[in-house]
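Each residue of the sequence shown is one higher than the one before, starting from 1 at the first, in full-length UniProt numbering.
Since the hints were made in silico from the structure, they are not lab data.
Glycine included, each C-beta is placed from N, C-alpha and C at the ideal position.
Treat the hints with caution; some may be incorrect.
[Unchecked claim] Pair by pair, the computed Cβ-Cβ distance ranges are: (1) Ile92 - Ala16: 38 to 44 Å; (2) Asp133 - Thr86: 25 to 31 Å; (3) Gln116 - Gln63: 15 to 21 Å; (4) Ala74 - Gly21: 17 to 23 Å; (5) Ala84 - Gly109: 20 to 26 Å.
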Amino acid sequence: MLTPRRIVMAARFFFALAALGMAVLMLGPFQGLEQVFGLNDKAAHIIAFYGVASGLFLIAPNQRRDDLALYVIAAAFGAELLQALTGRSVSIIDFLAGAAGVAAAWAPGRIEQLRQAFRRHPDMTLAEIDRLDRRLRRRRVETSRPSVAVLRP
1 MLTPRRIVMA ARFFFALAAL GMAVLMLGPF QGLEQVFGLN DKAAHIIAFY
51 GVASGLFLIA PNQRRDDLAL YVIAAAFGAE LLQALTGRSV SIIDFLAGAA
101 GVAAAWAPGR IEQLRQAFRR HPDMTLAEID RLDRRLRRRR VETSRPSVAV
151 LRP
């Protein structure tokens, strides 16, 4: 029977294989392989990191998309640093292309969150809508409390 749990488990398996394959392609001696598919290096980075971010959003449904997107951007940066160690070219433009792929995967979810908030609360200000966000409520409470240590004799 097809359940969300089984879909996530299967997606995790395929994500691991795809991530391993991507690592081999990015760090191995395959520079220029993307041209076989009619892509340039930047387009390949955008597509690859779009796929990684989308896959991560699918396999980690209990994690915040914002955090996952930051992890993938950090991985794009790390991949560029690792390319320096393997003798391949390092490019800030490649990193930015990877970050653009992550943003392309992240943006539709964020836009849908905004649309939902606008539908539910059309007459509230953005600040009032933000205060209703239950995901941020605990952080606001923690940061609004003064952190004063009480010393007892």
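Each hint tested on the structure:
For Ile92 and Ala16, the Cβ-Cβ distance of about 29 Å falls outside the hinted range of 38 to 44 Å, so the restraint is violated. Checked against the hint of 25 to 31 Å, the pair Asp133 and Thr86 fails, with Cβ atoms roughly 43 Å apart. At about 19 Å, the CB distance of Gln116 to Gln63 agrees with the hint of 15 to 21 Å. A beta carbon spacing of about 20 Å between Ala74 and Gly21 agrees with the range 17 to 23 Å that was offered as a hint.
Taking 20 to 26 Å as the suggested C-beta distance range, the pair Ala84 and Gly109 does not conform, at roughly 33 Å.
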